[in-house]
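S.K.: Build out the structure end to end from the sequences listed, making use of the hints.
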Amino acid sequence: MVHEIIQHLNLKNDGYYIDATFGRGGHTKAILQHLGTDGRVLALDRDPDAIAAGYKLAQTDLRFKLIHAEFSQLKTVVKQYNWMGKIKGIIFDLGVSSPQLNTSKRGFSFIQDGPLDMRMNPQNTTITAASWLAQASSQEITQVLRQFGEERYAKRIAQAIVNIRHQQPIQTTGQLASIIKAANPAWEWDKHPATRSFQAIRIHINQELEELKLGLEAALDILSIGGRLLVLSFHSLEDRIVKRFFRNKTRGDNLPRNIPIQAAAPQLQLPVSLLRPSMTEIKMNPRSRSAILRVAEKNL
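Take the sequence shown: its letters are residues 0 to 299, numbered as in numbering that gives the first Met the number 0.
Treat the hints with care, as some may be off.
Straight-line alpha carbon distances no greater than 16 Å define the calculated EDC-like cross-link-like pairs of lysine to aspartate or glutamate that follow [said to hold, decoys possible]:
| id | residue 1 | residue 2 |
| --- | --- | --- |
| 1 | Lys-190 | Glu-149 |
| 2 | Lys-190 | Glu-216 |
| 3 | Lys-212 | Glu-69 |
These aren't lab readings, by the way, just hints derived from the structure by calculation.
M.R.: The following block contains the structure:
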């Protein structure tokens, strides 16, 4: 949805923008194409592979800076570069990236066999998916699968994992996917039976939803008045957090009864309703079918 993102960032020739999820630089490059010599893009990513991939662009385009950081560090990074009050737009592209899914050694994919890792930032996260599954209780695994994967067969899958690990260590994505498939009595025809469980474990290992909440609060703080906040999400858990955040910030804060006004002015307004990919884009990129883009603008 690059076209929609560029359109709703409402780009200014000399504006300062943040790509909070650099990935392989698709959004950053598109933004830079619309900026003049005084425009700037600051990109972040928690994945060292993404930072390595963006090194050449950071060296050749002086309008662009790339930082190895997480959402929770966003405000600190912006202060470091003295960008507070200058930022006209921020884009978050949530979830796992295609390069992460396509690189078997990262351990995100249930299609390709690889080590059961799932860490987005191996330099900052010591617990791999394999090490967590080796020691977590059946109850803890069940809770994670239900909370972060909305997996209805969470208890059965968790017990199967515990039973198998007593016989042999679960060290690869292929092993885990097979265990989940065998324990899942009924699954949707268009989804691999391990989809929800892999999502849940990945979210837990990387604390993705907590990082998202911290990132949204930081983004609102650092945006200039009239600046745009765009969030592209791919599953209901992420979108629920974004939707709730936008809703709360567009209502204004309730004030104590003894104050003669009922509520403070809202911090955000919503210039458009949620956006979804076109059928053409879905045909070109099937992974985009679940994408939801939400747009907000800062009032104060």
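S.K.: Determine which of the earlier numbered hints do not hold for this structure and return their numbers in increasing order.
M.R.: 2
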